[in-house]
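*Asks:* Going by the working numbering, the sequence shown opens with residue 37, and the numbers climb by one from there.
Don't take each hint at face value.
Said to hold, decoys possible - Calculated lysine-lysine pairs in the DSS-like style (CA-CA distance at most 25 Å, straight line):
1. Lys188 / Lys201
2. Lys185 / Lys173
3. Lys188 / Lys173
4. Lys283 / Lys185
5. Lys166 / Lys126
6. Lys283 / Lys173
7. Lys63 / Lys243
8. Lys243 / Lys201
9. Lys126 / Lys63
10. Lys166 / Lys185
11. Lys166 / Lys188
12. Lys184 / Lys283
13. Lys166 / Lys184
Calculated from the structure, these hints are not laboratory results.
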Amino acid sequence: MTQAIQNARTGVPAKGAWRTSNPGLSKSLMVGAIDLHCHSGPSVMPRYFDHYEAMQEASDAGVRALLIKDHYYSATPVTELLNKHFSHLKVTLLSGVPLNNQAGGLNIYAVEHGIAMGAKLVWMPTFSAKNHIEHHKQGATPGFPYAKKAMKSPTPLSILDSAGKLVPEVFEILDAIAEHDVVLSSGHLHITEIWPLFEEAIRRGVKRMICNHPTYVIDATLEDITRMAGMGVYIEHSMCMFSELAKWRIYEPAALDSLIQAAGVDKTILGSDLGQVGNPRLVDGFLDVIETCLDLGYSEADVRKMVSVNAAELVGL
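Using the sequences provided together with the hints, build the complete structure.
*Replies:* Pasting the structure below:
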């Protein structure tokens, strides 16, 4: 293991810790990139950078936009403020509404307020999802982060009732998402919850949908991924699970290739899911996974779709 990779796995990562088989092309593909899964701080989770520092890092690499994700609060007021005062960095910051316990769970008031503030996305429950909590208890899925300070244990949330039907709160939320044409993320729900969610979302006029890291926590198969893509859902894969620099790397390049093929390049989005202390810098994670895709034989046009074009289409940039 090189010292650069060792540094990336044990603390705040050093710059430039990526493979360099084709650095010029990789860096050119960063220009205009959009990351819909940036975990910057402030956060109760350990982060190596804050929202402003993320904006600066992205600007230096020519990244077009970052969508800030925190599991416990909507960063939309912060992103609106930073966009206003640091427009010269030429990076658009976005955020959404996470429907975990801290936002009141499946709370239409949080959704309406977030959208009114400028939120571009609504996440179904993530860390408060019953499915996530059950995976956490089982210890079967590596890479779960922990808060810096102990907090009250989450109340498990599901979007289905005891009969397997969507709970009424979901309908109002889907209607608001459809009315304002923002993105619906399936969060950390199990794939068996995601089917009725997306089917009802389509019936109610939701046009923008994404499933995050479908094989991690979600338990989706390749066949599930193909089916979701056929419904118009974008499939996002987390670079922190594929980068050679990441402490949470759990998949080999061949797995990434299979996942891309399952949805097709036109419905695949590569998001960093980075920002954690001990993982690589966001830009370095991007560069590493871009090189992996090039090594797998994907064209420059294919990679650009997966790191920028598809995300832009999804969020309406």
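*Asks:* Please go over all the hints and tell whether each is borne out by the structure.
*Replies:* Cross-check of the supplied hints:
This hinted pair does not check out: Lys188 and Lys201 have alpha carbons roughly 29 Å apart, beyond 25 Å. Under the criterion of a C-alpha separation no larger than 25 Å, the hint pairing Lys185 with Lys173 is consistent with the structure, at around 19 Å. For the suggested pair Lys188 and Lys173, the alpha carbons sit about 15 Å apart, so the restraint of at most 25 Å is met. With a C-alpha separation of about 22 Å, the suggested pair Lys283 and Lys185 falls inside the 25 Å cut-off, and the hint holds.
Between the alpha carbons of Lys166 and Lys126 the distance comes to roughly 39 Å, so the proposed pair goes past 25 Å and is violated. This hinted pair checks out: Lys283 and Lys173 have alpha carbons roughly 21 Å apart, not beyond 25 Å. Straight-line distance between C-alpha atoms of Lys63 and Lys243 comes to about 32 Å, which puts the hinted pair past the 25 Å bound. Taking the CA atoms of Lys243 and Lys201, the gap is about 22 Å. The hint holds against a cut of 25 Å.
For the proposed pair Lys126 and Lys63, the alpha carbon gap of about 17 Å is at most 25 Å, so the pair holds. For the suggested pair Lys166 and Lys185, the alpha carbons sit about 22 Å apart, so the restraint of at most 25 Å is met. In summary, the hint linking Lys166 to Lys188 is supported, as the alpha carbons are separated by about 15 Å, within the 25 Å threshold. Of the pairs offered as hints, the one joining Lys184 and Lys283 holds, with about 18 Å between alpha carbons and a cut-off of 25 Å not exceeded.
Of the supplied pair hints, the one linking Lys166 and Lys184 holds, its CA atoms being roughly 22 Å apart against a limit of 25 Å.
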